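From first to last, the protein sequence lines are chains A and V. When you number the first sequence by our numbering, it's gap-free, plus one each residue, and the end is 343. When you number the second sequence by our numbering, it's gap-free, plus one each residue, and the end is 644.
These are calculated hints, taken from the structure and not from any lab test. A quick note: this is a predicted structure, and the numbers were derived from the prediction, not measured. Ideal Cβ positions, reconstructed from N, Cα and C, are used throughout, including at glycine. Some hints here could point you the wrong way.
Unchecked claim - Now the stretches of chain V that chain A is said to cover, found in silico as 3 or more residues with beta-carbon under 8 Å:
1. 100-113
2. 125-131
3. 149-162
4. 203-217
5. 405-411
6. 579-587
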Amino acid sequence: MSLVFPFTAIVGQDEMKRALLLCAVDPRIGGVLVLGDRGTGKSTAVRALAALLPPMRAVIGCPYGCDPKASSPCEQCRVQRKASGAGVLLKSAKVPVPVVDLPLGATEDRVVGALDLERALTKGEKAFEPGLLGRANRGFLYIDEVNLLEDHLVDVLLDVAASGENVVEREGISVRHPARFVLIGSGNPEEGELRPQLLDRFGLSVEVRTPTELKARVEVVRRRDAFERDPAGFVEQWRKADAKVQRQIDAGRARLESVVVPDEALEQGAKLCIALGTDGLRGELTLLRTARALAAFEGSESVQDSHLQRIAVSALRHRLRRNPLDDSGSDIRVERAMDEVFA
Amino acid sequence: MTDPRWQDALAAAALLAVDPVGLGGVVVRAAPGPVRDAWLAALAGLLVTGAPVRRIPAQIPDARLLGGLDLTATLSAGRPVAERGLLAEADGGVVVVPMAERMSAGTAGRLAAVLDAGEVRVERDGIATCWPTRIAVVALDEGLESEDRPPVVLMDRLGLWIDLDEIAPRDLSPGPWDASDVVLARAALRTLNAADSSESAEAIEALCGVADAIGIASPRPVLASIRAARAAAALEGRTHLAPDDIALAARLLLAPRATRMPPPERPSDDASDPPPAPEQTATPPQAGEAPESPPPPAAQSDSNEEQTSAPPDVDASGQSGADPDTTNSGASDPVDEARPLAEVVLEAVQSALPAGLLAQAGDSRTPRSGSAAQQRSGRVGAARTDPRRGRPDGTQRGDPRRGPRLDLVATLRAAAPWQRLRRREGSRTGIEVRTDDFRVVRRVQRATTTTIFVVDASGSSALNRLAEAKGAVEILLAECYVRRDRVALVAFHGQGADLVLPPTRSLVRARRSLAGLPGGGGTPLAAGLEVGATVADTVRRQGDSPLLVVLTDGRANVSRDRQPGRPRAQDDALAVARQWRTEGYSALLVDTSPRSHPAAQALAQAMGARFLPLPYADSSVLSSAVTATVASERKGPSRQQGRV
Numbered sequence: 001m002s003l004v005f006p007f008t009a010i011v012g013q014d015e016m017k018r019a020l021l022l023c024a025v026d027p028r029i030g031g032v033l034v035l036g037d038r039g040t041g042k043s044t045a046v047r048a049l050a051a052l053l054p055p056m057r058a059v060i061g062c063p064y065g066c067d068p069k070a071s072s073p074c075e076q077c078r079v080q081r082k083a084s085g086a087g088v089l090l091k092s093a094k095v096p097v098p099v100v101d102l103p104l105g106a107t108e109d110r111v112v113g114a115l116d117l118e119r120a121l122t123k124g125e126k127a128f129e130p131g132l133l134g135r136a137n138r139g140f141l142y143i144d145e146v147n148l149l150e151d152h153l154v155d156v157l158l159d160v161a162a163s164g165e166n167v168v169e170r171e172g173i174s175v176r177h178p179a180r181f182v183l184i185g186s187g188n189p190e191e192g193e194l195r196p197q198l199l200d201r202f203g204l205s206v207e208v209r210t211p212t213e214l215k216a217r218v219e220v221v222r223r224r225d226a227f228e229r230d231p232a233g234f235v236e237q238w239r240k241a242d243a244k245v246q247r248q249i250d251a252g253r254a255r256l257e258s259v260v261v262p263d264e265a266l267e268q269g270a271k272l273c274i275a276l277g278t279d280g281l282r283g284e285l286t287l288l289r290t291a292r293a294l295a296a297f298e299g300s301e302s303v304q305d306s307h308l309q310r311i312a313v314s315a316l317r318h319r320l321r322r323n324p325l326d327d328s329g330s331d332i333r334v335e336r337a338m339d340e341v342f343a
Numbered sequence: 001m002t003d004p005r006w007q008d009a010l011a012a013a014a015l016l017a018v019d020p021v022g023l024g025g026v027v028v029r030a031a032p033g034p035v036r037d038a039w040l041a042a043l044a045g046l047l048v049t050g051a052p053v054r055r056i057p058a059q060i061p062d063a064r065l066l067g068g069l070d071l072t073a074t075l076s077a078g079r080p081v082a083e084r085g086l087l088a089e090a091d092g093g094v095v096v097v098p099m100a101e102r103m104s105a106g107t108a109g110r111l112a113a114v115l116d117a118g119e120v121r122v123e124r125d126g127i128a129t130c131w132p133t134r135i136a137v138v139a140l141d142e143g144l145e146s147e148d149r150p151p152v153v154l155m156d157r158l159g160l161w162i163d164l165d166e167i168a169p170r171d172l173s174p175g176p177w178d179a180s181d182v183v184l185a186r187a188a189l190r191t192l193n194a195a196d197s198s199e200s201a202e203a204i205e206a207l208c209g210v211a212d213a214i215g216i217a218s219p220r221p222v223l224a225s226i227r228a229a230r231a232a233a234a235l236e237g238r239t240h241l242a243p244d245d246i247a248l249a250a251r252l253l254l255a256p257r258a259t260r261m262p263p264p265e266r267p268s269d270d271a272s273d274p275p276p277a278p279e280q281t282a283t284p285p286q287a288g289e290a291p292e293s294p295p296p297p298a299a300q301s302d303s304n305e306e307q308t309s310a311p312p313d314v315d316a317s318g319q320s321g322a323d324p325d326t327t328n329s330g331a332s333d334p335v336d337e338a339r340p341l342a343e344v345v346l347e348a349v350q351s352a353l354p355a356g357l358l359a360q361a362g363d364s365r366t367p368r369s370g371s372a373a374q375q376r377s378g379r380v381g382a383a384r385t386d387p388r389r390g391r392p393d394g395t396q397r398g399d400p401r402r403g404p405r406l407d408l409v410a411t412l413r414a415a416a417p418w419q420r421l422r423r424r425e426g427s428r429t430g431i432e433v434r435t436d437d438f439r440v441v442r443r444v445q446r447a448t449t450t451t452i453f454v455v456d457a458s459g460s461s462a463l464n465r466l467a468e469a470k471g472a473v474e475i476l477l478a479e480c481y482v483r484r485d486r487v488a489l490v491a492f493h494g495q496g497a498d499l500v501l502p503p504t505r506s507l508v509r510a511r512r513s514l515a516g517l518p519g520g521g522g523t524p525l526a527a528g529l530e531v532g533a534t535v536a537d538t539v540r541r542q543g544d545s546p547l548l549v550v551l552t553d554g555r556a557n558v559s560r561d562r563q564p565g566r567p568r569a570q571d572d573a574l575a576v577a578r579q580w581r582t583e584g585y586s587a588l589l590v591d592t593s594p595r596s597h598p599a600a601q602a603l604a605q606a607m608g609a610r611f612l613p614l615p616y617a618d619s620s621v622l623s624s625a626v627t628a629t630v631a632s633e634r635k636g637p638s639r640q641q642g643r644v
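Chain V with its partners taken away, still in its complex shape (with noise of 0.2 Å):
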C-alpha cells in the first residue's frame, strides 16, 4: 500500500512539471535521504526532455548566481564578454536550492525579483544586460526546528509546499504520469488558458474563501492555487475545471499554508444531504483519513473526477484503483454538482490540515513564524567576514576568483604601463593584462555587537523589574538600530529559560515578543545562564561580538536539574558563571534586587562581567548603563574582529 501523501508529492512534481513557471516552484520539507532522493528523480523524469537543473549553493557569489563579466573570455577577446549566471542558464528548467533554509536574505531577495521578472536584469561590473529566466525553484527545506524555515520572500513566491518527512521509504511507489503525460498536459493547458470560463471565476472564488477561513494573507498562493488547478485539469485532459482540480489544488498550495482552522459553524442543510454527510461529521481522525481516498489525479483514468468524495474503502486499492473509480464516479457525481464548490474545497482542505495547528492556533505568532528564521538566515550572511561585503577601502592585488571583487580600472591601470613591453614580447593587439594586474576591492567590516538580555522573569525578582528590563531592550533596540547592532533576550523563570528574542534588529520584531513576556516562579538562575552563553555562542560563530547583560538579583532557586533548592541552585549558577569567564563573554550583572546582595557581587566576579547595583533604575538608567559597558567592550571585541 501506497501512502497517500507520496500519492500528492507526486501529483505536486506533476503539476510542477506542467506549469513550472506558473507555480514558480516548491519547497520541499524533507531530511536529505531516499524519499527526497526518489521525489526528486520523480520530478526530473517528467520534467520536458532538456530542461536545464541546476543546484544553487547556500553561500553562492552573485557573479555566479546572476552572472557578469567573464574575465577569462573579457581579456582574451580584448572586449567585454558577459557570462551567464546559474539562474539564467537554468531558463526553462528547474533550480534546486539546498539547505534553503540557510539561505541569506540577499540571495533570497535576489531570486525573487528574477522569479518575479522571468529574466534576470543584470547591473554588473561594466555589463548591462537582461537574459529571460523562465524557471521554477525547488527549495529544499532541512530545516529540523517549525522555525527554521526558507526565507519568507522565497517561500511566498513557490506555491507547492509538499513535506516528505513522515513517509517511509518502503511507501515509495512510481507515480502514474511519464514525461510524455506531462508534454500533452502542456498543450492542453494552453487551451485551457486561452479559455475564459464561467468556471475560473467561481473557482477563484472558492479559493479565495478558503485561503480567507484558513488566514492565508498573501494573494500569490491563490493566484498560484488557481493555475495548478488548471495545470491539474489538463494533466486529467480535460477542457474545463472540474471541482476536483479545485480541491487538489487547494489542497497542495493552500492547506499546507494555513495559520488557523476554519470557522466551525457549518451550512445545517448539510447534514441533509446523504452521501457527504459522513465525512463532513467526521470526527477529527476520520478528516485526517479522508485526504487518503483521493490519491487525486493519481490514476490516469479521466474519469476520476469524483475522488474527493469517494468512500474511504478506495484507497485501499490505492492509485491502481482506476476501475473502483469508474464505478462509483457516476453515483458520486451529482454529490458534487448539489453542493457548492466552495464548500467541497474548503472540505478538501481541512483534510489535509497540517497536524498540531490547532494547538499552535493560539500562539499569536505562529502565523510570521518563518520571520524568525528570516532574520536569523538572512544574518548569518551578512555577519559572515566575507570579502563581498562591507565598506570598500581601497584596492589590493588578488585573485577575483576567490571572491572579493575584482576593480577593473585599477586593474587596467595596473596593466597598462606595461602593454608597449608586452605587446613586443607578444604579438597581440589590445591590451594585455596578466593576472599580477588583478587588482579587487578590499572591505573592511565593521564588528557589530549583538546585547543578549539575560532576564531573570521569576516572582522572586522581577515582575516590577521585568517592566523596565523590557523598556530597555526597546530603548537600546533603536540606539542598536542606529549602529546596526543586534539584540537578543532570554527569560528565565520557573522551570527553564527560554530564548524569548532571537538576535534581531527589527523593532517590529522585538516589541512584539517582548509584549508576550511572561513572568513568576522560581528562579532558575544556571538555566538562564546557560540559554545566555548558547546565544552568545552562536553569535560569536556568526562573526559578531557577544556582550551578555544579566538583569538579577543573584539569588537561584531552582537548580540546573530543575530541582528546588536554594544551595544547589546558586552553585550551578556560579559553574556556568564560571564557564563564562573561560569563554572570555564579555557580561555586566546588573543587581535588581532593592538592597545590594553578595550573591549578585559573588556572581557577577565569577562571570568575570561589570557589576552594576541598580536598585531603583528605571529603564532609561539601565539602558544608559549598557550602552557605556558597550562602548567600553567594543573596543576589546572590534579590534579582534578586525584582525580576523
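Next up, chain A with everything else stripped away, as it sits in the complex (with noise of 0.2 Å):
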C-alpha cells in the first residue's frame, strides 16, 4: 500500500480532525459530514485517519471482520461458534479496521454484496458475495462527493447505516450480515446539496475552508510538497506525532464507558436542542454521545459544560430547521443559542 499524509501534519482544520477523532472513539456518534472548499484536505484527512487507526481483533476467515466477542454476529461466525461450543473463543487476529472506500460509479451489486459472478460462471453455483458494504462491516465507509452519488445508492445507504445491518434479497440469494460502519461523506454544497434525510442522518457535520492566514496556506504548500517529494521521509517526521493521537484514542476507547454523563450535562443538552428547535431526539442523542467521546479522549472522568460547547456545532448544524427567511447561517445560530443556555 502506498503511504498517505500522516494525520497529524494536516495544518488546522481542527474542527474536521476532531470529530473524525471522536467517531473512531466512539463509531455510534454516526459518522462525520465534511463539506467545504475545495482543496481542504477532505480525503486527506479521512485517508490518514485510516492509517491512524488502532488495529481491531477480527475473526479469521470471517467475510464481515466480525468481533469474536461480537454479541450478533455474522451467519458464518454463529454457526461455527456453536461448532466449537460455548465459552471458546473463534480464532482471530488483530487486522486494521477497514475504511472502504465508495467510488463514484460503483453498481449497486458490489456495494450491496450479489452473487459470486465466478462461481456461478465456472462453477454454476450459487454463492454470494460481500459487496462493499459488507467490507465496511466494524470500519468506516468514505463517500466523496456524497453529492453526486446516485439515488438509489443513497437510498441503500440510509437503510443499512440505520439499522446495522444488510439485508440482501436478490432472486436467488438471500443474505443478512451486520454492516455497522462510521459514514464519512465529504463534499462541496455548491455542487448540489444533499437530500435532507442523508444530512440528518450524519452524526456530525463539519464544514471546513481554505485558511485565510498567510502562514497558514504557505505551511500547507510546503508540507504537501515535502510528503510528495520523499514520502517515506515525511511519515517519518511524523510518525511519532500519529503514535501518540493513535494511542490517545485506544485509551479513550477504554474509558469511554466509565465516563460520566451528569444530569447537569443532560439538561443542557435537552435546553440547547429545544432553543434550536431541533427534530427528535436524534441530535440530542449524539450531543451527548460526542461530548462523552471528547470526554473520554482528554481523559476527563465526567462531560463537562467545556465539552458540550466545544461539540455544539458540529452536532447540531446540519439538524437546524431550514428558515431561508433567516439569513444567518446554521453556526451563528447554534452559537447564539448556546450562549443562551451556557450563560
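Dock chain one against chain two, each of which comes alone in its own frame, and use the hints as you go.
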C-alpha cells in the first residue's frame, strides 16, 4: 500500500480532525459529513485517519471481520461458534480497521453484495459475495463527493446505516449480515445540496474552509510538497505525533464507558436542542455521545460544559430546520443558542 | 513575429509534457480551429513516445470510462473478465476531453477522484479491482460565455489554464523544444525533486503570497505551480530553481485564476531600484506588454534566466532571440538577486492578469462564476432521459451495450433452464448465455419540475412586492429541494430582463443571487416574458417540465424594442403571452397590484395561465399558492414525461 499523508501533519482544520477522531473513539456517534471548499484536505484527512486507527481483533476467515466477542455476529461466525461450543472464542487476529472507499460509479451489486460471478460462471453455483457494505463492517465507509452519489445508492446506504444490518434479498440469494460502519461523506455544497434525509443521518457535520492566514497556507503547501517529494521521510517525521494520537484513541475507547454524564449535562443538552428546535431526539443523543467521546479522548472523568460547547456546532448545525428567511447561517444560530443556554 | 501568448501556450505544453501527473493537466479555452489543433499537435509532439492519448466523449457511460465486466470475454471464457475503461487505458498518457464545459458533474467527480488517487478503483458488475492510472487531463473548453466553464472540481485539479482564443493562426510558430528535450528534462526533474533546497521554501512562500494577493483560495493551484516551476527549471537544464522558473509558473498557473487585483501599494524603495523601475511604474497598457518580453523558456539557451526583467524590445526578436538574452543576462542578473523573490513573481503575474478583471472585481459573484456552469452542466446529465439513471424498476430483456445496466442474476437465471439443452447442441462446458438471455435493469425517472419565477422588479409594481417574491422563492426552494425540483428566477425592470438565478436546487446559490436582486425603473413586461420563455424552453429540452410563475401588476410600459409607451408595451406583452400559450407552458400569473387590474387578467388569459389576484400576499401565502399549482400541473407534464 502506498504511503498516506500523516494525520497530524494536516494544518489546521481542527474541527474536522476532532470530529473524525471522536468517531474513531465512539463509532455510535454516527459518522461525519465534511462539507467545504476545494482543496481543503477533506479526502486527505479521511485517508490519513485510516492509517492512524489502532488495529482491531477479527475472526480469521470471516468475510465481515466479526469481533470474536460480538453479540450479533454474522451467520458464518454463528455457525462456527455453535460448532466449537460455548465459551470457546473463535480464532482471531489483529487486522487494520477497514476504511472502505465507495467510488462514484460503483454499481449496486458491488455495494450491497451479490451473486459471486466467478463461481456462478465457472461452477454454476450460487454463492454470495459480500459488497462494500460488508467489507466496511466495524470500520469506516467513505464517500467522496457524496452529493453526486446516485439516488438509489443513497437509499441503500440510509437503510443500512440506520439498521446496522445489510439484508440482501435478490433473486436466488437471501443473505443478512452485520454492516455497522461509520459513514463519512465529503462534498462541496456549491455543487448541489444533499438530500435532507441523508444530511440528518450523519452524526456530525463539519465545515472546512481554506485557511485565510498566509502563514498557514504556506505551511499547507510546504508540507504537501515535502510529502510528495519524499513520502517515506515525511511520514517518518510525523510517526511519533501520529502514534501519540493513536494511543489517545485507544485510551479514549477504554475510558469511554466509564465517563460519567451528569444530569446537568443532560439538561444543558436538552435545553440547547429545545432552543434550536431540532427535530427528534437524534440531535440530543449525538450531542451527548460526542461530548462523552471528547471527554474520554481528553482523559476527563465526566462530561463538562466545555465538552458540550466545543462539539455543539458540529453535532447540531445540520439539524436545524431550514428557515429561508433567516439569513444567518446555522453556525451562528447554534452559537447564539449556546450563549443563552450556557450564560 | 510570433504572439507571446502562443509562446506561453507552448511553454505550458512543454511543462505538461515534463510533469503530466504533477500538473494534473490543462484547461484549453479555445474554439475548435487551427490554433487549437496546432497546440494539440505541439503537445502530442512533446509527449513521451508511445504515451497513450484517449478522447472522452461528453456523455460517456461508466462502463467505458472506468471499466467493468467485459461481457463478451466473460461469456466466452466462462469466468469473469475485467475490462479496462478509457481512463485506465490512458495510464502514463493524456486524456483529452472535448467540450469539457458540458461535462456532467458526475463524470467530473469520477475524473477528479482518479486524478487524486492516480488509479481507477472499480466496483462494478461483480468486478472489484484497481488499475494504475497516472494521467494528465486536457480539457478543451469551448464555452462561449464566461459562465460556461468546465466543472469546478475538474478545473481546480488541472494546473495549467491557457486561452488560445485571441491568437491568430498566422502567429503560430513551432516551439523551441522537441520530445528529446522533454526526456532530458524528466530526468533533470527527478534530481530537482530529490534536492530539498532552501530555494523551494522561498519559492513556496513567494507563490503562496501571490496566490493570496490575487485571491486564489484553493491550495491545489499553488502546489501545481511549484511543480511547474521545477519542470521549467528542468526544461532549462538547471539543477536549482531560478526566479524565472517561479515567475513563469506563477504567470501560467496563477494569473489566469486571479479573482481580484493584487493590493496596489508597493514598497516605496522600489522606485529607487533603477533598472526595473520603468516597468514597475508602467501604466496598465505597458504592463500588458511586459509578458511579451519573456518568451520564457522560449529559447533553448539556458541563459535566459533574466527574461522577466528583460526590456520589452527583446520581444521583437522573439523567441529566436537567444543571443540578445545572453548579452543582457549579465546586466539584469543582479537586479533579480537584489529584489525579493515574491516581488518578481507578483510582477510577472500582474502583467498577465486577465483583461477585464478590474471591471469584474466589484461583482461578488465573479470568484464563483464557475459554479453556475457547474450547476447547469451537472443538471444536463441528470435530467436527460437516460436508461442508466433513476430508480431501478425491475428488469427487462434488452441489450446492455445500448446503455442500460446488465442485470447479471436475471441474465443467468434466464440462461439457466436452457443449459442442458445448449450443452447438448454444442460441446462447450460452463454456462452458455445467449443474446436472448440478456436482462437489463429498467429504470424510471421521476419527472422533475423547474419553477421559473418571472418577477416584475419595476418601480411601479414592485419594490415592496419584490421582497415577498424573494421570500417565496426561498420557501419554495426549501420545498423543491425536498422534492428534488429546481427553481429559476427572471427579473425584469428598467430596460430589460435578466436571468438572475439559472435553474438550481442549491439554497446557497439562490440566497446569494436573491440578495443581489435590483429593483426600480420601467416595466418591460414583454422582455421579461420572453426571457422566461427562453428559460422554459431550455428546461424542457433538458427533460424537465417548466412551470412559469409570473408576478406582476400586468401594466407594461416598456416595449420589446426598449421604447417607453404603455399601449405598445402592452401589445408586445400580450403577443409574447400568446406564444406561451402556443408552446403550452404551464403558467401561473400572480397579480401583485393593490387592486386587481383588468390588464393582468387579460394577460393571464392570453398565456393560458391560472390567474391569482393577491393584493396583500405575503411570501408564505404566495408559496402555498404556487405549491398548489405545482401539484395540479405536475400530473399533466409528469405523465407526459413518463411516456418519453
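Results for each hint:
Proximity of the region 100-113 of chain V to chain A, defined as three or more residues with a beta carbon under 8 Å from a beta carbon of that chain, is established by the 6 residues found. Only when three residues or more bring their CB closer than 8 Å to a CB of chain A does the claim for the region 125-131 of chain V stand; here the count is 4, and the claim holds. Check on the region 149-162 of chain V: 4 of its residues sit with their Cβ under 8 Å from a Cβ of chain A, so the three-residue criterion for coverage holds. Residues of the region 203-217 of chain V with a Cβ under 8 Å from some Cβ of chain A number 8, which satisfies the need for three, so the listed coverage holds.
Counting residues of the region 405-411 of chain V whose C-beta sits closer than 8 Å to any C-beta of chain A gives 4, which meets the bar of three, so the coverage hint holds. A stretch counts as covered by a chain when three or more of its residues have a beta carbon under 8 Å from one of that chain; for the region 579-587 of chain V and chain A the count is 0, and the coverage is violated.
The structure shown violates just one earlier hint, number 6.
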